[in-house]
Structure formats: structure tokens, C-alpha cells
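Each protein sequence line maps, in turn, to chains A and B. Numbering (the numbering used here) for the first sequence: 1 to 214. Numbering (the numbering used here) for the second sequence: 1 to 180.
Hints in this document: simulated from the structure, not taken from any laboratory. All figures in this text were calculated on a predicted structure; none of them were measured in a lab. Take these hints with a grain of salt, some might be off.
To spell it out: a stretch of chain A is covered by chain B in this simulated footprint if at least three of its residues, at any positions, have a beta carbon under 8 Å from a beta carbon of chain B; those stretches are [claimed, not checked]: (1) 29-36; (2) 101-110; (3) 156-169; (4) 191-200.
Some chain A residues flagged as far from chain B (calculated, every beta-carbon gap over 12 Å) [unchecked claim]: (5) ALA40; (6) ALA115; (7) ARG117; (8) GLU118; (9) ASP119; (10) ASP126; (11) ARG129; (12) GLN133; (13) THR139; (14) ASN151; (15) ASP152; (16) GLN153; (17) GLY178.
A virtual CB, placed ideally from N, CA and C, is assigned to each residue, including glycine.
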Amino acid sequence: MMDQHEDPKFEQWLKDAARTTYHAPRTPPREEMWTRIQAARQRRHIIELRPWMKWAVAAAAVLILGIGIGRWTALQPGATNGTTTVATTDSGQSDVVYQIAATQYLSRTEAFLTAFREDQGANNADGARFARQARDLLTTTRLMLDSPAGNDQRLRSLLEDLELVLVQISQLGDANNGHDTDLITQGMNQSNVLPKLRSAIPAGPVPVRTQGAL
Amino acid sequence: MDESQLIARVRAGDSAAERTLYDAHVDRVYRLAFRLAGDDALAQDFTQETFIRAFDRLGSFRGDAAFSTWLHTITTTVVLNGLRKVKRFRQREADIDDAHEIGVVQRHAEPDLKARLKQAIDDLPEGYRTVFLMHDVEGYTHEEIGAALGVETGTSKAQLSRARAKLRVALADFAGEWVR
Numbered sequence: 001m002m003d004q005h006e007d008p009k010f011e012q013w014l015k016d017a018a019r020t021t022y023h024a025p026r027t028p029p030r031e032e033m034w035t036r037i038q039a040a041r042q043r044r045h046i047i048e049l050r051p052w053m054k055w056a057v058a059a060a061a062v063l064i065l066g067i068g069i070g071r072w073t074a075l076q077p078g079a080t081n082g083t084t085t086v087a088t089t090d091s092g093q094s095d096v097v098y099q100i101a102a103t104q105y106l107s108r109t110e111a112f113l114t115a116f117r118e119d120q121g122a123n124n125a126d127g128a129r130f131a132r133q134a135r136d137l138l139t140t141t142r143l144m145l146d147s148p149a150g151n152d153q154r155l156r157s158l159l160e161d162l163e164l165v166l167v168q169i170s171q172l173g174d175a176n177n178g179h180d181t182d183l184i185t186q187g188m189n190q191s192n193v194l195p196k197l198r199s200a201i202p203a204g205p206v207p208v209r210t211q212g213a214l
Numbered sequence: 001m002d003e004s005q006l007i008a009r010v011r012a013g014d015s016a017a018e019r020t021l022y023d024a025h026v027d028r029v030y031r032l033a034f035r036l037a038g039d040d041a042l043a044q045d046f047t048q049e050t051f052i053r054a055f056d057r058l059g060s061f062r063g064d065a066a067f068s069t070w071l072h073t074i075t076t077t078v079v080l081n082g083l084r085k086v087k088r089f090r091q092r093e094a095d096i097d098d099a100h101e102i103g104v105v106q107r108h109a110e111p112d113l114k115a116r117l118k119q120a121i122d123d124l125p126e127g128y129r130t131v132f133l134m135h136d137v138e139g140y141t142h143e144e145i146g147a148a149l150g151v152e153t154g155t156s157k158a159q160l161s162r163a164r165a166k167l168r169v170a171l172a173d174f175a176g177e178w179v180r
């Protein structure tokens with residue numbers, strides 16, 4: 001029995017109309033996409049260290065932190081001789097590597113968004129250049145979301161906000177008329193993304209140079 | 001060489017095999033991403049993300065289903081999650097625009113069929129729209145859609161039926177077009 005909504009003529013007409021007019025795709029740019037996939041995977045391979053290397057890097061990072069904490073506590077006015085400060089380690093040692101990488105990534109993103117906002121304010125924004133940089137950071141953002149660093153709810157929320165901003169900037173082209181960049185900046189201001197980003201970055205210099213690690 | 005041999009070579013680190021696998025599937029992945037996203041940059045972005053995830057997780061592909069089914073599961077996950085995020089962002093922008101346009105009377109010209117069809121499809125609930133585009137526009141079977149979206153085949157059929165019913169109501173003004 002035919003369903004009351006079934007109408008073969010309508011269905012055929014709908015299919016034909018939708019296929020030809022609704023989001024009709026162009027020929028996919030295979031080579032461009034393949035090049036970017038390869039580049040993103042190359043970066044990812046750098047992150048995905050072999051197991052023994054992960055432990056070595058984690059151990060080195062914990063050692064550096066331990067020494068840093070030890071020196072810092074020794075300089076505190078209340079510190080007494082004979083007090084032993086032990087940098088504790090737990091099962092999340094390998095997460096330290098991701099936290100360091102996250103700090104480095106957040107610093108880069110802060111610099112990028114600050115530059116974008118300033119150039120936009122001066123009507124000086126080079127849309128195509130910013131779009132390229134945003135795409136690069138977007139890939140890293142998604143890798144960060146999938147990494148153990150993304151398990152931290154506060155960091156995850158920030159990364160999701162950053163992803164939205166970067167998606168918008170990555171779609172800017174040479175012909176942007178300022179309206180698009182205005183909207184992005186307004187969105188950034190409304191969501192307080194830059195203040196949140198800055199508060200997530202620990203004070204002082206980036207602890208370990210991890211350029212290219214993510 | 002059949003696809004299972006190709007996948008085994010990709011797992012063994014053969015980059016030429018990776019490219020062959022990519023070439024075999026990229027058009028369909030991109031088409032689906034574009035149909036759902038309606039934007040070339042986003043479609044490229046989603047296609048890239050799909051292949052990056054697929055190559056990274058190929059070890060978890062057990063071969064119970066076809067590789068294309070597994071790949072389209074990743075595609076729909078990447079695209080739908082990505083679109084939800086973009087929608088959230090655009091909603092913020094729309095809120096700003098609305099705030100600026102209080103008191104301004106909008107006058108719209110009568111849209112043509114193409115615009116009305118686009119609006120009607122865009123207005124469908126996400127599940128209906130996805131099933132409609134996959135089945136009626138891109139030609140996926142209900143079995144493929146069910147596997148990709150993690151729903152029963154019957155659910156896919158029901159959603160398609162409801163999507164068509166909604167579209168029929170939304171496009172009732174154009175009834176003369178299909179009863180000819």
C-alpha cells in the first residue's frame with residue numbers, strides 16, 4: 001500500500017531539482033587537499049613519538065619541572081634548611097609533554113589573534129595571509145582537541161572557541177570587504193576569547209621550545 | 001589489487017598505496033562534505049580531516065563492513081560536528097546583527113524555486129536533512145546511511161519519508177512543476 005506521503009512524481013522532481021541546484025559540488029581539488037593532508041600527517045607523526053621516546057621526553061620534562069620547583073621553593077622566604085621538596089610524579093607524566101606543547105600553541109595563537117585584531121582595526125588586514133595562517137593553526141587546534149591535552153575541560157572549551165574563530169578567519173579571501181573581519185572581531189570580543197586565551201597561558205616565557213612539535 | 005590488499009599495504013606504510021586509496025574515495029567524500037556544508041573551503045577542510053583520521057585509525061578498521069562504509073562514518077561525524085560548531089559561531093554573529101537591526105523593516109523579494117528549495121532543505125531538522133541529502137541527492141543506500149549515522153535502516157527510511165513530506169509542504173506553491 002502506498003504511504004499517504006508517497007508521490008513518485010514529486011519525489012523524482014525533488015531529486016532532480018535538489019541534485020542540480022542544492023550545493024552542487026565542483027570538481028574536488030585533489031592535489032591541493034592531498035598536499036595539506038600529507039603536511040598535517042607529517043606534523044602529527046612528530047607528535048606521535050615512539051613509546052620509549054614519550055617516556056624519555058616525559059621524564060626530562062618532569063625533571064626540569066622538579067628542578068624548577070626545587071629552586072623556586074628554596075628561594076621562598078619561608079623555606080627552611082633541611083626541608084626536602086619532592087616533585088611528585090604520577091601516572092599522568094606523559095600529559096606534561098602535551099601541556100607544554102599546549103602552552104606553546106596557545107602562545108602562537110594569542111600572537112596570531114592579537115595581530116589579526118590589530119591589523120583589522122587599522123584596516124590593514126591581509127585576508128589571504130591570515131586565512132593561510134588560520135588554516136595552519138586550525139589543524140593544530142584539532143590535533144590538540146584529540147590529544148590528552150583536550151581532556152582538560154577548561155582547555156577543551158577554550159580550544160573549541162578558538163576553533164570557531166579560526167574557521168571564520170580561514171575562510172577570508174583577498175576580496176574581503178572588511179565586513180567579514182568586523183564580524184569575526186565582534187565575535188571574538190563577545191566571547192572574550194583573547195582574555196580567556198591569555199589567562200590560560202602561564203606567566204613568563206614559554207617553558208620549553210616545542211616549535212613544530214604540534 | 002583488491003581493496004583489502006591495498007589497505008594492508010597502507011597499514012604497512014606504503015605511501016603510494018595511501019594515495020591510491022585516497023584517489024579511489026576522495027571524490028565521494030568531498031561531494032558529501034560539500035552537499036552537507038555548502039561551502040568549498042569547509043568541504044575541503046572536512047575532507048582533509050576525514051582522511052587524516054582514516055589513515056591514523058586504519059589499524060582499527062576490522063573489515064567487517066566495506067571500507068567506504070567505514071570512511072563515510074568518519075565523514076559524517078567530521079562534517080556534522082564541524083557544522084554544529086560553525087552554526088554556533090554563526091548564531092553569535094546573527095545575534096549581533098539582530099541587535100543592530102532592531103526597528104529596521106526587512107523587505108524580501110519573492111524568492112524563486114532554487115532559493116525556496118534551498119531554504120526548505122536548510123530548514124529540515126539535521127537528521128532529516130542528512131538522510132535526504134545522502135539518499136536522494138548523493139545516492140547512498142539506506143544500509144550505507146544507517147551504518148554511517150549509527151542508526152537502524154528503518155530509522156533512515158522513516159527520516160527520509162518525513163523529510164520528503166516536510167519538503168512537499170514547504171514547496172506546495174510549486175506543485176504545478178511536478179504534476180505536469
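**Item:** Violated hints - listed by number, lowest first
**Value:** 2, 4, 5 and 13
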